[in-house]
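Peer 1: As a plain string of letters, each chain reads:
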Amino acid sequence: MATTKKTLVHDQEAEDQAAAETDVEAFADDVGNSSTLPEAEPYQELVPGLGKLNQDYIIPGVDSDETEPYRWHTGTKRDHGGEDAIEIIDVVKQFGRMRIQNGLNVGIPDDMISMLLGPSGTGKSVLIKLIVGLLYPDSGDILVHGESVPDMTDDELFEMRKKFGLLFQDGALFGSMNIYDNTAFPLRQHTDKSEEEIGETVNKRLNEVGLTTAAEKMPNELSGGMRKRAGFARALVLDPSIVFFDEPDSGLDPVRTALLCELIREIHEENGGCYMVISHDLGTARRIADFIAVLWKGRIVESGLSSDLFGSDNEFVSQFLNAETIGPLAMD
Amino acid sequence: MSWLAIPRDWLASLGEIARFSGRVVGLVYSGRVFRFFGEALRQAGILILGSAMVIWGLTFILGLQCGIEGAYFSRSVGAPSNAGTFAAWCDLREVIPYAFGYMMAAKVGTGIVAEIGAMRISDEVDALEVMGVNPMIFLCATRLLAAWITLPFIYLVGIGVGFIASYLAVVEQVGEVSAGGYFLIFWMFQNPPDLIFSVIKGMSMATVIVLVGCYYGYTASGGPVGVGTATAKSMVLNIVLVHVIGMMGTLVFWGANPRAPVGG
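So the sequences go chain by chain: A and B.
Just add 15 to wherever you are in the first sequence, counting from 1, and you've got our numbering.
Just add 960 to wherever you are in the second sequence, counting from 1, and you've got our numbering.
Derived from the structure by calculation, the hints contain no laboratory data.
This structure is a prediction, so every number in the text was calculated from the model and none was measured.
Ideal Cβ placement from N, Cα and C applies to all residues, glycine included.
Don't take every hint at face value.
What the hints assert, rightly or not - In silico lysine-lysine, DSSO-like type, Cα no more than 30 angstroms apart, as pairs:
hint	chain 1	residue 1	chain 2	residue 2
1	B	K1067	A	K232
2	A	K177	A	K208
3	A	K144	A	K219
4	B	K1193	B	K1067
5	A	K232	A	K208
6	A	K144	B	K1193
Claimed, not checked - Facing chain A, a subset of chain B residues (Cβ under 10 angstroms, in silico):
hint	residue
7	F994
8	R995
9	F996
10	S1082
11	D1083
12	L1088
13	G1092
14	M1148
Said to hold, decoys possible - Over 10 angstroms on every C-beta distance to chain A, these chain B residues come out as not near it, computed from the model:
hint	residue
15	S981
16	V988
17	I1028
18	S1041
19	G1141
20	F1157
21	G1183
22	V1222
The following block holds chain B by itself, in its conformation from the complex (with noise of 0.2 angstroms):
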């Protein structure tokens, strides 16, 4: 076997997975998902009630990260009270679109594959296309149009719930600047385009996971232990493409025009 033959096959899976999402897409945009509104809003339901808490705590945690790391830094340099710089930019621009990202990858991502490669293996997608439901429809474009409707609120409350926590890490807990300050420096530096920027780039991130997602559980073969492959694979393929998109997305929206307040 020649060394072309691993990044061939690597393309290969990439064009495949890039035709399966633009089937995908095309039938959220088409309207034809609507027949199943239904099943789309019970997905959101379960986004809702089974993701929202884990991201939330996730973002929690590291919101008090971006915190504490701009709290020590900028005391370090002697301006403790840019405390606020810091944790605008962690926050807003990376920590959350990334944790967010992660977290999707690691439990919606693969709950989809996992649960569409399940009903794949025990004939059930079978039986949905038997008896003329379009299992395409019915099982990836209702999960995508339920990640749409949903994920950007969640993703809102998220950054809301890093805020909160990047506040109580250097003003409640760490202490060397003011609440007034500390808001003062942290909404200087960011603007509503900046939370536009980084809500596009969670939702690339979640639209991606959800069809990787969707890709891997519909063409799993090979019994519960190809349901177990096709779940590692999306998860090491998502992981990546987050950091693609996460690394994209700074060098697109802030790259050319980092958008700080600094230097006149």
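Next up, chain A with everything else stripped away, as it sits in the complex (with noise of 0.2 angstroms):
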């Protein structure tokens, strides 16, 4: 008798652990992929130095009685055939309380487009600004071509910024100069060229972006389209290696953000060079990335060329890439 009632008790038992592995795999089948729920483990400081969780510092997108925020997080970071001409190392960057990149390691290939997405606030502007060094990182390093950007002096930061072009979300044109004024600034500063060399530059550069009947107006006179082509023929009239473009489809049509992407697809095939779009638009992720970088919670999900990134398994990225409205991302 007893051992009839203890062999129920394991039956019992058994049951329960499968109604269990049934609950997860039903759970796991609503997101969408029934392959992988991520190992938990406890979160810990990377830097230890630098104050804990919920007590010195929050983290958006993390509930303060979260204990496993990067579940999500395999931090995968699949070949992609070629070189980083930027490697974010461990970096960590808070403001007051708000902890935006919180041990953000990714490298951004050369001779790619690479996109960095991510929800809204997840700090993908902050992190151009870290690049660029307009900001300096709490921890970590941020090496462009193997050189360290923190440990520079601003007179070095100045002139590696030379190899750079920026477009920014609306232009950030000199709202004194006129839009050939604006194209022709940065050759006027940095090259020893003649008006009629930097003529020929510019007309070329505004002609590219469909701006040349534009180049006499003033950036108020124009459309926030048309300030953002005039933008990019400004980041691109020193012939940079390295070209940010932060968040080029605000604002704009889907057809306006389709004809941006094209042009910034043919550019780049024309010109080569790191191309990095940092955007939350699918649609401009699926038309111009080689390379995808997801961010999420100041960390990188995962990272890899785009076709991998469409594929991938893991639930985050799945349910971002495919704007899925079940998954580990909700609305608050």
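With the hints in hand, could you dock these two chains into one complex?
Peer 2: Here you go:
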């Protein structure tokens, strides 16, 4: 009798376990992928001297009672077959109590269009500012072509920035100059070219972005899309080896977004170099990205060639890149 | 919050402004600003075209006021021929420097905050940095150099305009003293060092106003509201500093020796 009771208890445990496994599978099916539910790893401070989570700082997207905020972050870096132009190593950046980057590691490949994707407020624009030296990390390192950006003096930094082009969200054109002078500005500051040579280069770039007829107009006379294109022409005028695009699609209609993407793709094919696009627009990602890194909670979830990432079995990556409503990312 | 927190914040802010100003002045003295001499000349042009007439208009009106006050006061004590005494001191030592300071703070200082602040919030300052251009030189040092190039001349002309206005008020309007009598006293109560001291006073005000304007514009944040707040703060600080410089200038230049040919 006792044996029978023991067997019943054992059977009950087996049933409970089976039911639990079924629940897990059902959940996994719900989020569109049955193969992965990452192992939970308790959160550990990367740099203990910089404080404790939820005590000294908070991370956007991490709940105060969450103990494994990085369970989806496999950190997998799939091989892209080339060299990295930019390497971000264990970067921590905090504003007040808000920690935006928390041990960020990623390599941005040379000679490809890379895309940094992630939910709003995850510090994508902050990352560009860290790379170009407008902000300094609290810890970690940023290497551009092997040189450490945070260790540079001001003069070295200004020199290094000549290899950068940056398209800001609204173009950041100088309001006191017309489009021609805006585009010519970097050439006038950094080269000894004659006005004639400058004119040739500027007109070529303005022609590429379709703004030849708007050369004499002031920035406030242009539409948002035209300002972006003018900013693009200015970003390219020194033939930079690294070009950043901070949400080039924001505020544009779908057709103009597609045209701008086509333009980015064409100019990259012509000039080469490392192009890094920041966005959360999947259409843009599908159109232009060769390489994708997905950022969430201050760390890279996964990075790799776009074909690999779009087929990733990571639940967060899969949810984000397929714009699904069910998965690790919720509205809050 | 302790009551000491507020003065401590003020001191911290003043320290920040002093450090920022030191850097900008250093960029001018080191000659690095001359890399953007074209921009400095453009800013000088803007100062001349945008502010000179306004400053001269104000000094003309205040010159008239100095003349009228001098004429009526000297008449009230039975010495109308001494109207030039009041006009000379009023114009050169106090009213023109203050008028210059007020107009600089109201027109040039706030203009600098608004312009650089707007550039800051629309990422134009960051764009300069990313293009490898030091924005502190391009935006701040060039404005300071432009002020130093143009403002001494604008100030000197302002003094001349004030003198003419005082003459018109005392001799042509009130008319109780002849032109020769007025000028005899008027020139007796001032000499070239006084003019130099006055220019130093005015230029000190102008330098401080430009630097304060650059600081508040360069550090503006918080969107358009932040730029508005920075503009208001710069105006308050500039008006206070104009009076401090005015008071200290009078004390240092004329406190020990009023340079008045009176009593032997």
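Peer 1: It remains to establish, for every hint, whether it holds in the given structure.
Peer 2: Evaluation of the provided hints:
1. B:K1067 - A:K232: 27 angstroms, holds
2. A:K177 - A:K208: Holds. K177 of chain A to K208 of chain A sits at ~16 angstroms (cutoff 30 angstroms).
3. A:K144 - A:K219: Status holds; Cα separation ~29 angstroms.
4. B:K1193 - B:K1067: 14 angstroms, holds
5. A:K232 - A:K208: With a Cα-Cα distance of about 24 angstroms, the restraint between K232 of chain A and K208 of chain A holds, given a limit of 30 angstroms.
6. A:K144 - B:K1193: 28 angstroms, holds
7. F994: 14 angstroms, violated
8. R995: 8 angstroms, holds
9. F996: 8 angstroms, holds
10. S1082: 6 angstroms, holds
11. D1083: 4 angstroms, holds
12. L1088: 8 angstroms, holds
13. G1092: 4 angstroms, holds
14. M1148: 49 angstroms, violated
15. S981: Per Cβ check, S981 of chain B is outside 10 angstroms of chain A; nearest 18 angstroms; holds.
16. V988: Its Cβ never comes within 10 angstroms of chain A, the nearest being 17 angstroms, so this holds.
17. I1028: 42 angstroms, holds
18. S1041: 53 angstroms, holds
19. G1141: G1141 of chain B clear of chain A: closest Cβ-Cβ about 52 angstroms, beyond 10 angstroms.
20. F1157: 37 angstroms, holds
21. G1183: 13 angstroms, holds
22. V1222: Its Cβ never comes within 10 angstroms of chain A, the nearest being 53 angstroms, so this holds.
Going down the numbered hints, you'll see the structure goes against 7 and 14, while the others check out.
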